[in-house]
Amino acid sequence: MDTSKVLLILISLAILLQSLELADASVQDECKIVAAADPNVDYNFCVTSLQDDPRSGSADAKGLAIIAADLTVASATSTLSKIEKLVGDSKIDSPTKGLLNQCSSFYKDAVTAASGAVKAIGSGSMGDAKKQLTEAGDKPQDCDNLLFEAGKNDLLTKEDNDCTNLASIAQHIVAKLQ
Amino acid sequence: MGLLRSSPSYPWTNSMLLWQRTAFHFQPQKNWMNDPNGPTYYRGWYHLFYQYNPASAVWGNITWGHAVSLDLVHWFYLPIAMVPDHWYDANGVWTGSATILPDGRLAMLYTGSTAELVQVQNLAFPADQDDPLLLTWVKSESNPVLVPPPGIAPKDFRDPTTAWYVPSESAWRIAIGSKNDSQRHAGIALVYRTSDFLSYELLPGVLHSVAGTGMWECVDFYPVSTESATGLDTSAATGPGVKHVLKASMDDDRNDYYAIGTYEAATNAWVPDDPEKDVGIGLRYDYGMFYASKTFYDPVKQRRVLWGWIGETDSERTDLRKGWASLQTIPRTVLFDQQTGSNLLQWPVDDVETLRSGSQEFSNISIPAGSVVPLDCSTSGGAAGRGVLGPFGLLVLADDDLSEQTAVYFYFVRSTDGSISTHFCHDELRHACHPALLAADIVKRVYGSLVPVLDGETLSVDHSVIESFAQGGRTCITSRVYPTSATYGGGRLFLFNNATGVDVTAKSLKIWQMGSAFIRPFSEHDSVSLH
Chain E
1 MDTSKVLLIL ISLAILLQSL ELADASVQDE CKIVAAADPN VDYNFCVTSL
51 QDDPRSGSAD AKGLAIIAAD LTVASATSTL SKIEKLVGDS KIDSPTKGLL
101 NQCSSFYKDA VTAASGAVKA IGSGSMGDAK KQLTEAGDKP QDCDNLLFEA
151 GKNDLLTKED NDCTNLASIA QHIVAKLQ
Chain A
1 MGLLRSSPSY PWTNSMLLWQ RTAFHFQPQK NWMNDPNGPT YYRGWYHLFY
51 QYNPASAVWG NITWGHAVSL DLVHWFYLPI AMVPDHWYDA NGVWTGSATI
101 LPDGRLAMLY TGSTAELVQV QNLAFPADQD DPLLLTWVKS ESNPVLVPPP
151 GIAPKDFRDP TTAWYVPSES AWRIAIGSKN DSQRHAGIAL VYRTSDFLSY
201 ELLPGVLHSV AGTGMWECVD FYPVSTESAT GLDTSAATGP GVKHVLKASM
251 DDDRNDYYAI GTYEAATNAW VPDDPEKDVG IGLRYDYGMF YASKTFYDPV
301 KQRRVLWGWI GETDSERTDL RKGWASLQTI PRTVLFDQQT GSNLLQWPVD
351 DVETLRSGSQ EFSNISIPAG SVVPLDCSTS GGAAGRGVLG PFGLLVLADD
401 DLSEQTAVYF YFVRSTDGSI STHFCHDELR HACHPALLAA DIVKRVYGSL
451 VPVLDGETLS VDHSVIESFA QGGRTCITSR VYPTSATYGG GRLFLFNNAT
501 GVDVTAKSLK IWQMGSAFIR PFSEHDSVSL H
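Chain order of the listed sequences is E and A.
With the UniProt record's numbering applied, the first sequence covers 1 to 178.
With the UniProt record's numbering applied, the second sequence covers 1 to 531.
None of these hints come from the bench; they were simulated from the model.
Watch out, some of these pointers could steer you wrong.
[What the hints assert, rightly or not] With beta-carbon atoms standing in for the labels, derived distance ranges:
#1 Pro79(A) to Ser90(E): 56 to 62 Å
#2 Lys176(E) to Asp103(A): 56 to 62 Å
#3 Asp42(E) to Leu320(A): 44 to 50 Å
#4 Gly124(E) to Ile511(A): 46 to 52 Å
#5 Ser168(A) to Gly151(E): 25 to 31 Å
#6 Leu320(A) to Gln28(E): 54 to 60 Å
#7 Lys91(E) to Thr230(A): 54 to 60 Å
#8 Gly88(E) to Ala171(A): 39 to 45 Å
#9 Thr230(A) to Gln51(E): 54 to 60 Å
#10 Lys176(E) to Thr230(A): 56 to 62 Å
#11 Ser90(E) to Ala153(A): 29 to 35 Å
If you're wondering where the values come from, they're calculated on a predicted model, not measured in any experiment.
Idealized CB from N, CA, C, for every residue including glycine.
Chain E on its own, in the form it takes in the complex (with noise of 0.2 Å):
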């Protein structure tokens, strides 16, 4: 064998590997600091939702924040259906679905904010990425808050707090990136 061609092989391989790790170490760094920042942000939570999406192995901040963001947006669409399913379930209260289409309501609200942000973090207007992102953070808390009070919370708080945590992550590599 070409001992030349092995070892360009070999090389180019340590290369890639190399550029790899330093990507996935990003995804490691940045849930380092926002979990330093917000203490209701899990590191492992962080780490696990930003590496189930294939495009976090090469990201960049800027990648990271906009994968962050595209999970707010999909975190609030999937409880924007199961608040649906809550709503037409006969074991569930009449007062109580008025609580849940409000949510519904707070919901709707969060996936346009957490889509506008996405959109702002690709053309490069961080600021208006962050004000959008508190807002699709503050929603699902104005819902838990909600039905904190008729002490139903049980039934979303959860979702709730997920879907802020992940604007919340959004947020924090936005951030660094102003």
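Once you have looked at the hints, place chain A on chain E.
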């Protein structure tokens, strides 16, 4: 007496302890006081109620003490207004607020701690609406008018606010603080709607919430004018020249925080102007010993007036020995700061100027430089440290050889970009320095705060309390001090300049001697002579 053996106390003399009583800060003749309650103006008199233990100098057996004044300065003690005599307040008649209705009647809402220690809201009203002294009170047959809603914990539901009227609904609203501890330890303010103060409807959602801040006690919610230097009635209409202040006392850190924002009654939403300085994480009314504060609207002088509870920083054992604990602040006017647009201004009510007796005026006093740059009050080691740009200020309650002193001072910090920020501090580290004094007996702190620009300060020194106001009232600090030799005739006042690189000139300084307010029990004689 075997209870308090763990840390030996300072050997206070009766003379030292007696000296601590103030001349013009409201305090009962003896025993324990905490939150100010139901402050209001009614038929010619300012009323102050307060959490009061009639039996001891520590918290317990809580009743509503009562006092009246014609000018917010000269107070007369009246009999206790309410005691824990029903199941719904058996464990304490706790904090509450007064609402004056358009026809002049007064509704008092307060928190009762029930026989089962559940926090509920109760309605009380004067037995005789024509009695300007409001001596006797009646509790509603409908009590409790509010119990904790389904999701709220029984001990997270207290301190109802003054009600504000919403014309579009022909109904009133009140706010009550609580917390949502399900995940984010968020402090929240609930809002109820009522048309008769007897039945209430919980409005869905919260007025506002801030994650991480924990239980919100003593919520206060009121409008401020952004265009004129007057106070606004609690029910003043929202609109272009009006913002709303949301305030709460944070149970977790025992400080009062406020934020300025915009209120929309239709959606029951309040939004802070600056979310980074939201309630519980931003501005405080006072950077010293100050808690459970509450405002009311004075229709006579058209001002919003703030009361705050000043606790003791000495030990419980000493409080029991001296037989009393706590003060109220001198009432302060509260205004929106039109210059910065982002904070409030507080100042002692001008009625306190009637206590001034003698005065001395100084101008252009040069204070040459005396070096180490402190970065903030808590690391600076207090006023004894030296930097190029400070600290400099006043030493009050100081004895001749300055072994005892309390410094009220400024220093500047120059940051790497060349800009200068100013700090305003109280330094209690050396207020009581007798060699026998043991640190455990008194809490000593260096309180400080960041202050944008330097101009217009006032200090009130009244025995064991100092209240200071910097830059026209942007930053306020209240401290307790317990000197052992800078007492009676032994107290001196100094200017100091510990800066190494700058001379300081005090351009103008005026000192007034203050007389006593002679706070005393009300007598029929007073009723005649004062009217």
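Which of the listed hints are not met by the structure?
As far as the earlier hints go, 4, 8, 10 are violated by this structure, in ascending order.
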